[in-house]
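Asks: Spelled out, the chains give:
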Amino acid sequence: MKPTNTRNPDYYHKVVDCQWACPAHTPVPQYIRLIAQGRYGDAYLLNRESNVFPGVLGRVCDRPCEPACRRGRLEDEPVAICRLKRVAADHREDITDKLPKKPAKTNGKKIALIGAGPASFTVANDLAPLGYECTIFEKLSEPGGLMRSNIPAFRLPEKVLSEELDCILDMGVELKLNSPIESMSALLEQDWDAVFVGTGAPRGKDLNLEGRWEDGVKDKIHIGIDWLESVAFEHTKAIGKKVLIIGVGNTAMDCCRTSLRLGAKNVKVMARKPRQFFKASVWELEDAEEENIEIMINHSPKAFVHKDGKLTGMVFELMQYEIDDTGRITDQKVTGETTIPCDDVILAIGQDNAFPWIEDDAGIELDKWQVPVVDETTFESTRKGVFFGGDSAFGPKNIIWAVEHGHQAAISIHKHCQGKMLTGRLPNEVDMAPTKMGMFEWRYSNSYDDAERRQMNHVELTKRFAELDVEVELGFTPEQIATEVERCLNCDIQTVFEPSLCEECDACIDICPVECLSMTEDADEAELRASLSVSEKIEGQDLYVSDALPLTKRVMIKDENVCLHCGLCAERCPTAAWDMQEALIQIHHADDQDKEM
Amino acid sequence: MTSFTKPLIRRRNEPTNELGLVRADYDGAMSTLCAGCGHDAVTASMARAFFELSIEPHRAVKVSGIGCSSKTTAYFLRESHGINTVHGRMPSVATGAIAANHELTYIGVSGDGDSLSIGLGQFVHAMRRNVNMLYMLENNGVYGLTKGQFSAAADMGSTAKKGAVNELPPIDPVSLALAVGATFVARAFSGDREQLVPLIKAGLKHKGFGLIDVISPCVSFNDHKGSTKSYEHTYKYYNPAVHADYVPPSKQIKAAYDAGDIMPIELHDGGQITLRKLENGYDPRDRAAAVNKLFESGQSNEIITGLLYIDEDHKDMHEMARMEDRPLNEIPYAELNPGAAKLKELQKGFR
Numbered sequence: 001m002k003p004t005n006t007r008n009p010d011y012y013h014k015v016v017d018c019q020w021a022c023p024a025h026t027p028v029p030q031y032i033r034l035i036a037q038g039r040y041g042d043a044y045l046l047n048r049e050s051n052v053f054p055g056v057l058g059r060v061c062d063r064p065c066e067p068a069c070r071r072g073r074l075e076d077e078p079v080a081i082c083r084l085k086r087v088a089a090d091h092r093e094d095i096t097d098k099l100p101k102k103p104a105k106t107n108g109k110k111i112a113l114i115g116a117g118p119a120s121f122t123v124a125n126d127l128a129p130l131g132y133e134c135t136i137f138e139k140l141s142e143p144g145g146l147m148r149s150n151i152p153a154f155r156l157p158e159k160v161l162s163e164e165l166d167c168i169l170d171m172g173v174e175l176k177l178n179s180p181i182e183s184m185s186a187l188l189e190q191d192w193d194a195v196f197v198g199t200g201a202p203r204g205k206d207l208n209l210e211g212r213w214e215d216g217v218k219d220k221i222h223i224g225i226d227w228l229e230s231v232a233f234e235h236t237k238a239i240g241k242k243v244l245i246i247g248v249g250n251t252a253m254d255c256c257r258t259s260l261r262l263g264a265k266n267v268k269v270m271a272r273k274p275r276q277f278f279k280a281s282v283w284e285l286e287d288a289e290e291e292n293i294e295i296m297i298n299h300s301p302k303a304f305v306h307k308d309g310k311l312t313g314m315v316f317e318l319m320q321y322e323i324d325d326t327g328r329i330t331d332q333k334v335t336g337e338t339t340i341p342c343d344d345v346i347l348a349i350g351q352d353n354a355f356p357w358i359e360d361d362a363g364i365e366l367d368k369w370q371v372p373v374v375d376e377t378t379f380e381s382t383r384k385g386v387f388f389g390g391d392s393a394f395g396p397k398n399i400i401w402a403v404e405h406g407h408q409a410a411i412s413i414h415k416h417c418q419g420k421m422l423t424g425r426l427p428n429e430v431d432m433a434p435t436k437m438g439m440f441e442w443r444y445s446n447s448y449d450d451a452e453r454r455q456m457n458h459v460e461l462t463k464r465f466a467e468l469d470v471e472v473e474l475g476f477t478p479e480q481i482a483t484e485v486e487r488c489l490n491c492d493i494q495t496v497f498e499p500s501l502c503e504e505c506d507a508c509i510d511i512c513p514v515e516c517l518s519m520t521e522d523a524d525e526a527e528l529r530a531s532l533s534v535s536e537k538i539e540g541q542d543l544y545v546s547d548a549l550p551l552t553k554r555v556m557i558k559d560e561n562v563c564l565h566c567g568l569c570a571e572r573c574p575t576a577a578w579d580m581q582e583a584l585i586q587i588h589h590a591d592d593q594d595k596e597m
Numbered sequence: 001m002t003s004f005t006k007p008l009i010r011r012r013n014e015p016t017n018e019l020g021l022v023r024a025d026y027d028g029a030m031s032t033l034c035a036g037c038g039h040d041a042v043t044a045s046m047a048r049a050f051f052e053l054s055i056e057p058h059r060a061v062k063v064s065g066i067g068c069s070s071k072t073t074a075y076f077l078r079e080s081h082g083i084n085t086v087h088g089r090m091p092s093v094a095t096g097a098i099a100a101n102h103e104l105t106y107i108g109v110s111g112d113g114d115s116l117s118i119g120l121g122q123f124v125h126a127m128r129r130n131v132n133m134l135y136m137l138e139n140n141g142v143y144g145l146t147k148g149q150f151s152a153a154a155d156m157g158s159t160a161k162k163g164a165v166n167e168l169p170p171i172d173p174v175s176l177a178l179a180v181g182a183t184f185v186a187r188a189f190s191g192d193r194e195q196l197v198p199l200i201k202a203g204l205k206h207k208g209f210g211l212i213d214v215i216s217p218c219v220s221f222n223d224h225k226g227s228t229k230s231y232e233h234t235y236k237y238y239n240p241a242v243h244a245d246y247v248p249p250s251k252q253i254k255a256a257y258d259a260g261d262i263m264p265i266e267l268h269d270g271g272q273i274t275l276r277k278l279e280n281g282y283d284p285r286d287r288a289a290a291v292n293k294l295f296e297s298g299q300s301n302e303i304i305t306g307l308l309y310i311d312e313d314h315k316d317m318h319e320m321a322r323m324e325d326r327p328l329n330e331i332p333y334a335e336l337n338p339g340a341a342k343l344k345e346l347q348k349g350f351r
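These protein sequence lines map, in sequence, to chains A and B.
Letter by letter, the first sequence follows residues 1 to 597 of the numbering used here.
Letter by letter, the second sequence follows residues 1 to 351 of the numbering used here.
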């Protein structure tokens, strides 16, 4: 095999599974180490550079990092990365002085940002300190987008959200509330240097079944995201005793739990397919089931039942599925029907983009699904100077994706306003920093800790439903923090090998607790893997292959999949051919694009 | 000294042996030897060999003397029996233990100092008695534990770390073993575990005394230019001449081998040692050929390794001495100790 080029910035980045999986590439192990040192403010600021809303995301992030976590490949449970992010936010000291500032004077460039959600706020966060005059237009009376309207306050307290939005507004960003943009053409005629659209995917899907539009029925059937918004803005304050939620994604989980807080007594989530096909995150399902929500599988909605001008229930077809070995449904059949009584139905079966306010002649091309044609790198639409990000760009994703879209769009807007090529972006880089402090001493906690994942404490069930905004999760206790930070394997502290120093004594191979090293004759990848004790290949995990070793011309190989980053190979190496070095992955944002490449 | 321990981690899909144990179940305490010591590689190879042979750790016995090498019995098979004996006296203690229970698997670990100076007498007599054990002689040419004086295995002309030249001829444990009747004689190198692990397995399954003289460099006191037991020197002159694999009875393939290519040797347990990489019709069952081969390779500085001699037909100590077949701990007390009257009767027979 060709020797591995560890100078490729992606090589070590990939080894840091959590950071690689995070759309915004948050340096997770680095901030967990700061938390371990009690440097909550620094941990918060480090988070903020990548993901802008650590307080929000520490509660409600979709956490693509956690399924990727190396710890999850070792035992069942990954590090509670998201919970630790919240620790940084909850315990941070006053860091106002360390936040980016409103510049002394602006650069005269005016940017219109449509929709006050995470994507627009990220663009403003990146551009305002550089001197851009950013104006955010919002149709509602409060900023935040779905973070405010769709995420219930019992998961995300209003105060946490407002604090993080305010510190961006404090950078000199103008926010125009109750100001829906009704015509793109009219906006474009105004004096804007660039326009960013971050309006989300605001249209919840409807379910046009028999009885849907009958009088007395139609008002009892709610579109999930609209209903959550109406609850958030206190237009809706009650719901019937028996509620059915159709759909089993994360919106459905928010709808069912919100229903309980508005007075529902019996809430059922109706799923068309078996559990393994649920779209909701595992932890959101668990949280709902903890509140005694019943999730019924294999029920396909058929009709709404009404009597005397009143919704009385819903008819479902009972489904049976044939599932093959790969987990795919190969066949389905209806085995019967059942009617389930209800007072209200909430539809949470997906959402679409909608741009009724973008005229056909605005020069912004929409595809056949009415989604704008957007460049995946620059986020520019087919009209120069108009950018899209968040759910409005490529359909519904999540907050952390919206943040990353915002970062990328901000780079593009910066380049656009300077008249530079949008594609001339700084590539990622990696800096290596030594971690050796002395004999068997590293500046990270390298010893393996076999503690299990800490469980988040919740408010007691009896106290949870009195008010809509009682935050359910209590945050980690100091003991939980101390234990959980040690579970992190510090995957960003890399095992760096210098073949010319190796004297082939096998010490590293023998000490490795997961037997991920081997020295062998060079061969093709399959053969090299066969020389390892566990030769199973995990998708996305590379095999490190060194240059030929000086004494025997064999190669050192390392399976990046199972390495614990415990540093024992480096401690055991008599010649320091193995060293532990911190890989600092440099992810560039708008503020450092003007550096020399 | 070390300040760290190797964590015990159960991984998914970890390979297990026939007993359902994983490789790490054959580890011991954390090694306190210098980082890079050849002995650690030998220790790891022994652990792997026991793992691959699916020997229950509590059915194994580790015996050793004094020295860096003799410390290593603590670093593998944490759940087996073992004793660190007085300097150079390991063979006697092992002989006694085997007399008491010959059903266990015995491995002796010693070094060139322990075996070739203070323990030389014990070492040769264990070999001539053909005690059924595998004797690992971890050979680094120096007294590492006392900071690098030449041992009796140091080659003539090789230098100590500070430049002193050794003028005494070495005692070669392999030649010695051939001379006094050991029935399994091998040389190996800690840096080549592809050769070493199968060799240890074969040695453990051989009935009678097995000697593996392992070149095992001392990184602290004998890994410099001028040393003939350094990693660099050994890799340079290393010649893996005879490769031995142990094939258990259950996995034997009854096939005809091309002569000179693979040579099968039947063992007492029904298993087989197959020999590969044989040069020029070399036959490791021929003691004279082995002695010649050693002499020739010595002329050219070449370090010839592998299973150099094997005699599977020779009786072991237990058989020669017509000792009790049952382990002593399985014999009822009354039978083991028939009483004063029986003793008197026995003594009468000698008068």
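Worth double-checking, as some hints may not be accurate.
To be verified - Some, not all, of what chain B presents toward chain A, calculated at C-beta under 7 Å: (1) K6; (2) P7; (3) I9; (4) R11; (5) A35; (6) G36; (7) A41; (8) G191; (9) V219; (10) Y231; (11) Y235; (12) Y237; (13) P240; (14) E302.
Don't read these hints as lab results, they were simulated from the structure.
Heads up, the beta-carbon is just placed ideally off N, CA and C, and yes, glycines get one too.
Asks: For the hint on A41(B), just tell me whether its beta-carbon gets within less than 7 Å of chain A.
Replies: holds, 4 Å
Asks: With a cut-off of 7 Å, does the beta carbon of P7(B) approach a beta carbon of chain A closely enough for the hint to hold?
Replies: Holds: closest Cβ of chain A sits about 4 Å from P7(B), inside 7 Å.
Asks: Under 7 Å, Cβ to Cβ, is where V219(B) needs to be relative to chain A, so tell me if that hint holds or is violated.
Replies: Holds, because the Cβ-Cβ distance from V219(B) to chain A comes to roughly 5 Å (cut-off 7 Å).
Asks: When the nearest CB of chain A is found for Y237(B), is that gap smaller than 7 Å?
Replies: violated, 12 Å
Asks: Holds or violated: is the Cβ of A35(B) closer than 7 Å to a Cβ in chain A?
Replies: holds, 5 Å
Asks: Can the hint on I9(B) be confirmed by a CB-to-CB distance to chain A that is less than 7 Å?
Replies: With a minimum Cβ separation of about 5 Å from chain A (threshold 7 Å), the hint on I9(B) holds.
Asks: Are G36(B) and chain A close enough, Cβ to Cβ, to be under 7 Å, as the hint says?
Replies: Cβ of G36(B) sits 3 Å from chain A, so the hint holds.
Asks: Does the closest beta carbon of chain A sit nearer than 7 Å to the beta carbon of Y231(B)?
Replies: holds, 5 Å
Asks: Is the shortest C-beta separation between R11(B) and chain A less than 7 Å?
Replies: holds, 6 Å
Asks: Is the interface hint satisfied for P240(B)? The criterion is a beta-carbon contact with chain A at less than 7 Å.
Replies: violated, 12 Å
Asks: Given Y235(B) as an interface hint, is its Cβ closer than 7 Å to any Cβ of chain A?
Replies: Cβ of Y235(B) sits 4 Å from chain A, so the hint holds.
Asks: Is the interface hint satisfied for K6(B)? The criterion is a beta-carbon contact with chain A at less than 7 Å.
Replies: Cβ of K6(B) sits 5 Å from chain A, so the hint holds.
Hint compliance for this structure: hints 12, 13 and 14 are not met, and every other hint is.
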